[in-house]
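Peer 1: Here is how the chains run, residue by residue.
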Amino acid sequence: MFQVNADVIAKEEVIPGVFSLTIVSPVISENAKPGQFVHIACNQGGNFILRRPFSIHRIVPGKAFEILFRVVGRGTEALSRVKVYDILDVIGPLGNGFKYSERITSALLVAGGLGLAPLLYLAEELTNEQVKFYPMLGAQTKTKLLRYIDFKRIGKKTYVATDDGSSGHNGTVADLLNRTIHYIRPEIIYACGPEPMLRKVAQTADEFGVKCQVSLETKMACGVGVCLGCACVTRQGYKMVCKDGPVFDARDIIWDKEEIEPTLLGGYRCETAKVSDPG
Amino acid sequence: MFQVNADVIAKEEVIPGVFSLTIVSPVISENAKPGQFVHIACNQGGNFILRRPFSIHRIVPGKAFEILFRVVGRGTEALSRVKVYDILDVIGPLGNGFKYSERITSALLVAGGLGLAPLLYLAEELTNEQVKFYPMLGAQTKTKLLRYIDFKRIGKKTYVATDDGSSGHNGTVADLLNRTIHYIRPEIIYACGPEPMLRKVAQTADEFGVKCQVSLETKMACGVGVCLGCACVTRQGYKMVCKDGPVFDARDIIWDKEEIEPTLLGGYRCETAKVSDPG
Amino acid sequence: MKNPVMPASGTFGAGREYSEFIDLNCLGALVVKTVTLRPRDGNAPPRLYEVSSGMLNSIGLQNEGIDHFIEHDLPYLRQFDVPIIINIAGNTLEEYAQLCREIKGVEGISGIELNISCPNIKAGGIAFGASSRLAEQVTAAARYNTDLPLIVKLTPNVYNVSKIAQAVVYGGANAVSLINTLVGMSIDTNTFKPHLGNITGGLSGPAIKPVAVRMVWEVAQTVKVPIIGIGGINSTLDAIEFLLAGATAVAIGTANFVNPRVMIEIIDGIESFLRQRNMSDIRQIIGKVKV
Amino acid sequence: MKNPVMPASGTFGAGREYSEFIDLNCLGALVVKTVTLRPRDGNAPPRLYEVSSGMLNSIGLQNEGIDHFIEHDLPYLRQFDVPIIINIAGNTLEEYAQLCREIKGVEGISGIELNISCPNIKAGGIAFGASSRLAEQVTAAARYNTDLPLIVKLTPNVYNVSKIAQAVVYGGANAVSLINTLVGMSIDTNTFKPHLGNITGGLSGPAIKPVAVRMVWEVAQTVKVPIIGIGGINSTLDAIEFLLAGATAVAIGTANFVNPRVMIEIIDGIESFLRQRNMSDIRQIIGKVKV
Ligand SMILES: Cc1cc2nc3c(=O)[nH]c(=O)nc-3n(C[C@H](O)[C@H](O)[C@H](O)COP(=O)(O)OP(=O)(O)OC[C@H]3O[C@@H](n4cnc5c(N)ncnc54)[C@H](O)[C@@H]3O)c2cc1C
Ligand SMILES: Cc1cc2nc3c(=O)[nH]c(=O)nc-3n(C[C@H](O)[C@H](O)[C@H](O)COP(=O)(O)OP(=O)(O)OC[C@H]3O[C@@H](n4cnc5c(N)ncnc54)[C@H](O)[C@@H]3O)c2cc1C
Ligand SMILES: Cc1cc2nc3c(=O)[nH]c(=O)nc-3n(C[C@H](O)[C@H](O)[C@H](O)COP(=O)(O)O)c2cc1C
Ligand SMILES: Cc1cc2nc3c(=O)[nH]c(=O)nc-3n(C[C@H](O)[C@H](O)[C@H](O)COP(=O)(O)O)c2cc1C
Ligand code: FES
Ligand code: FES
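Chains as they are written, first to last, in the numbering used here: chain A, 1 to 279; chain B, 1 to 279; chain C, 1 to 291; chain D, 1 to 291.
Just so you know, these hints were derived from the structure itself, not from any lab.
A portion of the hints provided could be inaccurate.
What the hints assert, rightly or not - Derived EDC-like pairs: lysine to aspartate or glutamate, alpha-carbon spacing no greater than 20 Å straight-line: (1) A:Lys63 / A:Glu102; (2) B:Lys33 / C:Glu94; (3) A:Lys33 / D:Glu20; (4) B:Lys243 / C:Glu218; (5) D:Lys193 / A:Glu30; (6) A:Lys243 / D:Asp188; (7) B:Lys83 / A:Asp86; (8) D:Lys290 / C:Asp188; (9) D:Lys193 / C:Asp188; (10) A:Lys239 / D:Glu64; (11) B:Lys239 / C:Glu218; (12) B:Lys33 / C:Asp188; (13) B:Lys243 / C:Glu17; (14) A:Lys239 / D:Glu17; (15) A:Lys219 / D:Glu265; (16) B:Lys257 / C:Asp188; (17) B:Lys239 / C:Glu64; (18) A:Lys243 / D:Glu17.
What the hints assert, rightly or not - A short, non-exhaustive set of chain B residues, derived as facing chain C with CB atoms under 10 Å: (19) Gln3; (20) Arg74; (21) Glu77; (22) Tyr85; (23) Ala221.
What the hints assert, rightly or not - Label pairs and their in silico Cβ distance ranges: (24) C:Asp67 / B:Val72: 52 to 58 Å; (25) A:Gln44 / D:Cys26: 49 to 55 Å; (26) B:Gly237 / C:Lys2: 48 to 54 Å; (27) D:Glu20 / B:Pro26: 47 to 53 Å; (28) A:Gly209 / C:Gln221: 46 to 52 Å; (29) C:Leu237 / B:Ile87: 21 to 27 Å; (30) C:Leu237 / A:Gly209: 28 to 34 Å; (31) D:Glu20 / A:Gly209: 36 to 42 Å; (32) C:Arg261 / B:Pro26: 37 to 43 Å; (33) B:Trp255 / C:Ser235: 52 to 58 Å.
C-beta atoms are modelled at their ideal positions from N, C-alpha and C, and glycine is treated no differently.
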């Protein structure tokens with residue numbers, strides 16, 4: 001991981017409220033892997049101080065990388081006002097990416113909304129590795145279906161779901177997966193998107209005995225594994241999304257709070273919460 | 001006083017680090033008097049929240065007003081990034097301005113640095129009232145001597161002092177005043193500038209028995225007399241720079257902290273600090 | 001009260017100045033700047049300094065005293081159709097008591113807020129608010145001398161604010177308001193002098209909001225009386241946060257300086273918030289944080 | 001110590017991650033994340049929320065326990081030429097004492113910081129730091145079991161921090177560090193749920209700086225031992241402010257997350273600050289606020 005002051009060399013408002021920035025950084029682009037992210041200081045001098053994490057969306061090999069983001073709050077709003085030639089303070093590449101190899105026979109890439117951001121990078125790498133893969137893209141509506149052409153160009157067959165049925169399957173992408181998984185029969189699923197979607201995807205994968213890796217999102221402070229703030233609950237205990245993830249084996253994730261072991265409740269490990277908290 | 005969302009219609013970087021903004025507001029420009037100020041929200045969404053006060057520098061009658069400011073910190077820095085057609089949240093006109101009338105025989109306008117901002121507006125009004133006046137402008141160096149032409153055009157004779165002698169008198173404007181007051185013999189002095197300068201000007205005026213009004217600066221929160229935060233010490237007790245000033249009769253100001261009455265020390269009035277503070 | 005929004009004491013004077021910006025009749029109540037028995041000149045300047053997402057002030061309760069308030073401010077305020085809450089502070093228990101007696105029978109005052117939390121004065125003030133014994137005593141002293149609703153304003157500069165809240169309720173408070181400012185300090189690295197003439201001052205503004213929300217929530221778990229939530233409220237959603245935490249009403253301080261229209265915006269904002277969620281009654285959100 | 005700058009506990013792990021960004025040998029000291037007797041899993045997520053000029057955290061002292069620290073982290077840290085300060089916390093007096101005994105004789109530890117101010121755990125933590133009696137006892141318990149320099153880390157969630165500082169000095173502290181976080185809370189106005197899984201959390205960052213500077217100044221008036229100033233330090237001038245207020249050294253917390261190079265920038269910045277003023281010794285600014 002590196003901290004760089006990097007030039008923005010291209011900016012695009014892909015659709016209203018969704019921007020892409022291309023940022024020059026040889027070290028980051030050389031060391032990046034699909035599923036990794038960068039941590040960007042978006043808001044210098046503002047009243048919000050923490051960096052914001054964004055998946056690496058594409059790579060200009062050895063030179064630059066691209067991020068794709070939706071404006072949802074102050075950080076992304078500030079980032080959307082960045083101009084070409086501005087300099088951004090970026091830390092990256094961070095986290096562990098998707099695990100894949102040229103031995104995979106067929107992969108399914110399931111993207112919910114902006115979840116496609118890391119999956120396009122993965123798709124390009126799978127193409128390099130000559131792995132056969134199927135993109136499956138979900139969006140609210142046809143006009144919000146991003147990078148369709150890019151996926152279509154390199155994917156085996158591209159599946160689409162829109163909530164309003166304006167393109168492809170009428171419904172969610174998780175729903176589409178559930179209906180199609182038995183005939184796509186992928187060896188592995190790579191998924192990124194909102195948590196409720198990931199949860200359903202994980203469930204479907206599990207039912208059909210298909211391996212599944214999911215990229216999770218949490219609020220982050222440090223982004224490098226220091227603050228222990230980005231915990232998610234796994235069958236191996238708390239894991240840090242920034243350092244141990246953001247990509248996890250879906251079977252390791254505990255999606256239901258009710259399933260959390262009592263030992264994971266703030267006291268010493270190997271004791272119940274009761275015993276460890278005499279106060 | 002009014003709160004308006006006003007368009008910026010002109011912006012100029014007069015010299016490096018000093019900007020003028022022309023801001024459309026019929027109500028403010030109609031109701032303004034020389035020496036009054038506006039209170040501007042400079043930094044929306046930033047980590048500094050309070051408004052910043054700026055003297056009204058010029059008026060486009062019935063239409064707009066102009067401010068002239070130097071970038072000294074975050075508020076002014078943010079304001080310097082405002083663009084033409086941006087909208088500013090402005091409160092004004094505020095405070096009491098300079099007192100003058102057409103009966104004044106001759107006035108001397110003493111400006112230290114950016115202190116000329118309110119004095120140009122005053123000069124234009126004195127011209128309207130056909131009052132004879134002499135501008136006396138001080139700056140660090142010739143290139144930082146602002147609005148010289150404007151003052152010269154309407155003033156009787158324009159005096160200049162620069163700290164490095166690059167134009168006019170070699171020294172401070174307070175110094176120049178001290179050497180020239182006996183032959184200019186103004187009926188009244190209007191002064192604006194840094195506190196040490198005002199203090200000397202006030203002293204000189206006092207020595208020569210010349211009336212003197214000074215425009216003071218303090219940090220402000222509300223700008224309208226509510227928070228009681230902008231206190232200055234006068235012979236009549238604490239006064240609020242925003243509401244009772246910013247222009248004061250120089251003889252009323254207590255420049256030396258040592259002169260502060262013991263009753264002005266945080267307890268009840270009419271008691272010494274000791275008695276009022278048993279704790 | 002028409003709505004749950006009012007100014008925080010000391011940030012609205014006695015209403016005159018801001019009446020030029022907003023219609024005072026629209027407010028839920030109007031809390032005036034602290035009034036003391038005799039006039040106070042306040043502290044030496046500088047009295048203000050701006051810090052990250054907040055400000056420090058060390059005004060020192062400058063005011064013209066209770067007689068002047070009753071003669072000059074109250075007649076002005078009585079014109080409006082809005083409950084007037086007078087905020088009072090004394091150096092001693094007896095002064096609080098006497099202030100309550102002075103107010104007795106005076107027309108146009110709907111409630112008394114006891115400021116036992118001012119960090120900027122040398123005697124009284126915060127010292128009353130930091131000890132549950134003193135806080136209870138001062139409340140009882142006031143209670144004994146007034147029939148008006150009694151609000152006690154608590155300081156956040158304590159470990160256990162609930163304990164103090166409990167104590168003032170025992171003492172007879174009908175409501176509590178919190179928080180007053182946190183004590184802070186800032187130093188000029190050029191001159192090596194404190195930025196405030198009084199050395200330390202009270203921190204207000206968005207910086208203190210998380211502390212305020214937490215304290216409101218803690219106090220709401222402890223006492224049954226209504227709570228006025230104060231501290232860094234800048235927007236409708238800030239106000240909603242306090243209501244969810246258990247405040248029955250909110251008071252707006254520093255934000256008035258930034259935007260004199262902010263209270264009106266929040267009053268309207270709360271209404272739309274409820275409407276959008278098909279709620280008819282603000283009680284559907286008060287204390288409704290899902291913990 | 002080469003210079004007066006170190007990380008604040010819990011914001012630098014045990015140094016590994018940030019060693020990729022800066023040379024750990026440049027630091028004045030290295031304070032590690034709190035270590036407890038046995039492994040702790042920490043609190044339920046979400047554990048972070050960003051607020052105006054600061055953040056709330058409710059990590060809950062997640063760590064692998066003292067044995068793991070000594071076996072896995074310390075050998076790594078010993079490579080560096082920088083004093084290592086271990087920060088410890090227990091649920092009981094006896095646990096603090098035992099932790100000190102476990103550390104006895106272990107190579108590579110230059111000092112112990114007692115965390116008696118963590119707001120995010122249910123037992124121990126802040127409760128020790130809010131009572132001068134308990135604070136003195138826990139310090140004495142540690143003192144009795146170690147010969148290492150003992151720093152006690154104080155909580156700002158108290159009325160009279162000087163009293164606590166005095167108590168821990170009586171108990172045998174060689175230095176105090178302050179402040180730990182202020183307890184805060186934030187509520188999601190969409191879901192009505194607290195933003196933190198643990199409901200409340202610790203507020204850190206620029207928002208708390210004025211409170212921290214004030215407390216350092218107060219404590220510097222009271223005790224003679226060195227003070228490590230902590231709270232919202234983001235820049236050289238922030239650090240200078242703490243030194244002027246009376247801190248002998250400073251620790252940087254949240255700012256590391258924003259800019260991993262910040263401590264190096266501050267170390268260099270303090271040097272230039274002194275040089276520009278023709279000062280040769282940092283003692284020319286420590287405690288030199290002109291009040
Ligand atoms: C590893 C990782 C990779 C990520 N990659 C991308 C990416 O490639 N593109 C991208 O657009 N985003 C991505 N995100 C999410 C992105 O980091 C957040 O959208 C961003 O931090 C929000 O910052 P903000 O200040 O704009 O919003 P905040 O002010 O923090 O939040 C504003 C509002 O938006 C909500 N919100 C926060 N995050 C999200 C979210 N992810 N989706 C919807 N609502 C949200 C909040 O709950 C709040 O209501 C990623 C997150 C992680 C952890
Ligand atoms: C009634 C009134 C009228 C004013 N009119 C004008 C005007 O017409 N033009 C103009 O340029 N300014 C004017 N000022 C001053 C102006 O308000 C301040 O310069 C501004 O508030 C600084 O804000 P900031 O955020 O940029 O600086 P801050 O961040 O508040 O301060 C940054 C640094 O600048 C220093 N500083 C603050 N104010 C001044 C100052 N006035 N001069 C030099 N250093 C300062 C501070 O001590 C600090 O070190 C006026 C002030 C008052 C009270
Ligand atoms: C300039 C100023 C003056 C204040 N004066 C008083 C006062 O006289 N009496 C009082 O009870 N509180 C006073 N306060 C405290 C506020 O009423 C309020 O409790 C505090 O500022 C926190 O709210 P805020 O963050 O919305 O400002 C004052 C606050 C400020 C900023
Ligand atoms: C994410 C996080 C974790 C922390 N963990 C600890 C800890 O384990 N032990 C401790 O003594 N303090 C801990 N602290 C408190 C810091 O050491 C520091 O006292 C506080 O954050 C104030 O400093 P800052 O404003 O510079 O962050 C933690 C703070 C943060 C933000
Ligand atoms: S964000 Fe700090 S550990 Fe993951
Ligand atoms: S700035 Fe508030 S009274 Fe002057």
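Peer 1: Could you run down the list of hints and mark each one as holding or not?
Peer 2: Results for each hint:
The hinted pair formed by A:Lys63 and A:Glu102 fails the criterion: a straight-line CA distance of about 25 Å is larger than 20 Å. Between B:Lys33 and C:Glu94, the direct Cα distance comes to roughly 48 Å. Violation of the 20 Å bound is thereby established for this hinted pair. Our distance criterion of 20 Å between C-alpha atoms is met by A:Lys33 and D:Glu20, whose separation comes to about 18 Å. In summary, the hint linking B:Lys243 to C:Glu218 is not supported, as the alpha carbons are separated by about 40 Å, beyond the 20 Å threshold.
With a CA separation close to 42 Å, the supplied pair D:Lys193 and A:Glu30 exceeds the 20 Å bound. In summary, the hint linking A:Lys243 to D:Asp188 is not supported, as the alpha carbons are separated by about 26 Å, beyond the 20 Å threshold. The suggested pairing of B:Lys83 with A:Asp86 holds, with an alpha-carbon distance near 18 Å, which does not exceed 20 Å. Annotation: proposed proximity of D:Lys290 to C:Asp188 holds, straight-line Cα distance about 10 Å (limit 20 Å).
With a C-alpha separation of about 41 Å, the suggested pair D:Lys193 and C:Asp188 falls outside the 20 Å cut-off, and the hint is violated. Simply put, A:Lys239 and D:Glu64 have alpha-carbon atoms about 13 Å apart, close enough for the 20 Å limit, and the pair holds. In summary, the hint linking B:Lys239 to C:Glu218 is not supported, as the alpha carbons are separated by about 41 Å, beyond the 20 Å threshold. A C-alpha spacing of about 34 Å is found between B:Lys33 and C:Asp188, which places the hinted pair above 20 Å, so the restraint is violated.
Proposed proximity of B:Lys243 and C:Glu17 is supported: the alpha carbons are some 10 Å apart, at most 20 Å. Proposed proximity of A:Lys239 and D:Glu17 is supported: the alpha carbons are some 16 Å apart, at most 20 Å. Pair hint A:Lys219 plus D:Glu265 does not hold up; C-alpha atoms about 27 Å apart against a cutoff of 20 Å. Between the alpha carbons of B:Lys257 and C:Asp188 the distance comes to roughly 18 Å, so the proposed pair stays at or under 20 Å and holds.
A distance of roughly 13 Å separates the Cα atoms of B:Lys239 and C:Glu64; the hinted pair therefore holds under the 20 Å criterion. For the hint linking A:Lys243 to D:Glu17, the alpha-carbon distance of about 10 Å falls within 20 Å, and the restraint holds. With 10 Å as the threshold, the beta carbon of B:Gln3 comes within range of chain C, its nearest partner Cβ sitting at about 5 Å, so the hint holds. A least Cβ separation of about 9 Å between B:Arg74 and chain C falls short of the 10 Å threshold, and the interface hint therefore holds.
Taken as an interface hint, B:Glu77 does not check out: its beta carbon lies about 14 Å from the nearest beta carbon of chain C, beyond 10 Å. Look at B:Tyr85: its Cβ only gets to about 22 Å from chain C, farther than 10 Å, so that hint breaks. Contact between B:Ala221 and chain C, as hinted, is supported at the beta carbon level, the nearest pair being about 4 Å apart and thus within 10 Å. In this structure, C:Asp67 and B:Val72 break the distance hint of 52 to 58 Å, their C-beta atoms being roughly 43 Å apart.
In this structure the supplied range 49 to 55 Å is violated for A:Gln44 paired with D:Cys26, their Cβ-Cβ distance being about 24 Å. Take B:Gly237 and C:Lys2: their Cβ atoms lie about 38 Å apart, and the range 48 to 54 Å is violated. As the Cβ distance of D:Glu20 to B:Pro26 is approximately 59 Å, the hint placing it in 47 to 53 Å is violated. Distance hint check for A:Gly209 and C:Gln221: the Cβ-Cβ separation is about 49 Å, which falls inside the suggested range of 46 to 52 Å.
Judged by the Cβ atoms, the range 21 to 27 Å given for C:Leu237 and B:Ile87 holds: they are separated by roughly 23 Å. For the pair C:Leu237 and A:Gly209, the supplied restraint of 28 to 34 Å is violated, since their beta-carbon distance comes to about 46 Å. Checked against the given bound of 36 to 42 Å, the beta carbons of D:Glu20 and A:Gly209, roughly 39 Å apart, stay inside it. At roughly 19 Å, the beta carbons of C:Arg261 and B:Pro26 sit outside the given window of 37 to 43 Å.
Separation of B:Trp255 from C:Ser235 is about 42 Å and departs from the stated range, judged on CB atoms against 52 to 58 Å.
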